[in-house]
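Enquirer: Sequence:
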Amino acid sequence: MYRTRRLATLTRSLRLLRSFTYEQFRPAVFYSGLARDTRSLLDALWQDTTCPSPSGLTGRAVLDVGGGPGYFADAFADTFYVGMEPDVSELSAAGLSGYGAVRGDGTHLPFADGSFDLVYSSNVAEHIPNWRAMGEEMLRVVKPGGLVVLSYTVWLGPFGGHETGLWEHYVGGEFARRRYERKHGTPPKNVWGTSLFAVSAREGLTWAESTGRLLTAFPRYHPHWAWWFTRVPVLREFAVSNLVLVLRG
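Each residue of the sequence shown is one higher than the one before, counting from 1 in UniProt numbering.
Rather than coming from a laboratory, the hints here were simulated on the basis of the structure. Hints should not be assumed to be uniformly reliable.
[Unchecked claim] Restricting the straight-line Cα-Cα distance to at most 20 Å, the calculated cross-link-like pairs of lysine to aspartate or glutamate (EDC-like) are:
1) LYS183 with GLU203
2) LYS143 with ASP113
3) LYS189 with ASP37
4) LYS189 with GLU163
5) LYS183 with GLU209
6) LYS143 with ASP37
7) LYS189 with GLU209
8) LYS143 with ASP74
9) LYS189 with GLU168
[What the hints assert, rightly or not] For each label pair, taking beta carbons as the anchor points, the in silico distance ranges come out as:
10) HIS108 with LYS143: 18 to 28 Å
11) ARG103 with TRP167: 17 to 27 Å
12) LEU16 with PRO110: 16 to 26 Å
13) ALA112 with LEU235: 24 to 34 Å
14) TYR170 with LEU17: 12 to 22 Å
15) SER195 with TYR170: 31 to 41 Å
16) CYS51 with GLU174: 38 to 48 Å
17) ARG231 with LEU17: 15 to 25 Å
18) ARG231 with THR186: 33 to 43 Å
19) ARG36 with THR216: 32 to 42 Å
From a predicted model like this one, the values you see are computed outputs, not experimental measurements. The C-beta atom is built at its ideal place from N, Cα and C for all residues, glycine as well.
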């Protein structure tokens, strides 16, 4: 994991942390930066685990499960990139076009077995009730020997409540939702029990290990010297804000 660890610096962690402040009111700024970072991370993982080529994912077939309105497409312009999103309003939210966009359900991917070299999902698992089914589908559509990368926000981490607050979700998801609505006068984008669910680090690791295909797991936004958090029960639930699961196809 040499290249992936080299990427995971404190400078990168601080840059990503600062960018989170733009998510709600300047999403293009936030997501474009996140897209570039995601591409760098996936290139590093591909070279570390699959093909140590300087070209990385160039020319490969890549599926982005829950790709939203296409903010990530530019970062993957040199690949055969397909962004899949279930919500038609989300697909058109940014007014972007000219890339491979498919409307579909992550738990029933509309693709044949072994269609993609790399299949990834970023911050989707916590927004669907049956994320394990999505993970199984990602493994189904990846080519043998390819790579599946599933990352998600851990519920008990500081960002588990998303826009509903940094501490309110520790009291409970419903409490956090009601407090947000009282404060802002409108429901949050991510509604507890409907579009936001509690997914623990333990659940993700248990599922990934049960497949027999887990290669590695680490905190996405932490510097590499803090990756050991993932190995410590209880601590990882609070300290690993976003867990990355890397599985072999």
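Enquirer: Hint by hint, say whether it matches the structure.
Expert: Comparing the hints with the structure gives:
1. Only pairs whose Cα atoms come within 20 Å are accepted, and LYS183 paired with GLU203 is rejected, the gap being roughly 32 Å.
2. Among the hinted pairs, LYS143 with ASP113 is consistent with the structure: their alpha-carbon atoms are about 7 Å apart, no more than 20 Å.
3. Among the hinted pairs, LYS189 with ASP37 is inconsistent with the structure: their alpha-carbon atoms are about 24 Å apart, more than 20 Å.
4. Proximity of LYS189 to GLU163 is assessed by CA-CA distance (about 8 Å); at most 20 Å being required, the pair is judged to hold.
5. Distance check on the hinted pair: LYS183 and GLU209 sit about 41 Å apart at the alpha-carbon level, beyond 20 Å; violated.
6. Restraint check for LYS143 and ASP37: the C-alpha separation of about 24 Å exceeds 20 Å, so the hint is violated.
7. As the CA atoms of LYS189 and GLU209 are separated by approximately 32 Å, the hinted pair breaks the 20 Å bound.
8. Taking the CA atoms of LYS143 and ASP74, the gap is near 23 Å; set against the 20 Å cutoff, the hint is violated.
9. For the hint pairing LYS189 with GLU168, the CA-to-CA distance comes to about 16 Å; that is within 20 Å, so the pair holds.
10. Under the hint 18 to 28 Å, the C-beta atoms of HIS108 and LYS143, about 19 Å apart, fit the expected range.
11. At roughly 36 Å, the beta carbons of ARG103 and TRP167 sit outside the given window of 17 to 27 Å.
12. Taken as a hint, the range 16 to 26 Å is violated for the pair LEU16 and PRO110, whose Cβ atoms sit roughly 32 Å apart.
13. Judged by the Cβ atoms, the range 24 to 34 Å given for ALA112 and LEU235 is violated: they are separated by roughly 41 Å.
14. Taking 12 to 22 Å as the suggested C-beta distance range, the pair TYR170 and LEU17 conforms, at roughly 20 Å.
15. Between SER195 and TYR170 the beta carbons are some 20 Å apart, a value that contradicts the proposed interval 31 to 41 Å.
16. Taking the beta carbon of each, CYS51 and GLU174 are about 46 Å apart, inside 38 to 48 Å as hinted.
17. Evaluation of the 15 to 25 Å hint for ARG231 and LEU17 yields a pass: the beta carbon distance comes to about 23 Å.
18. Between ARG231 and THR186 the Cβ separation comes to about 41 Å, which falls inside the hinted range of 33 to 43 Å.
19. About 22 Å separates the C-beta atoms of ARG36 and THR216, a value inconsistent with the hinted range of 32 to 42 Å.
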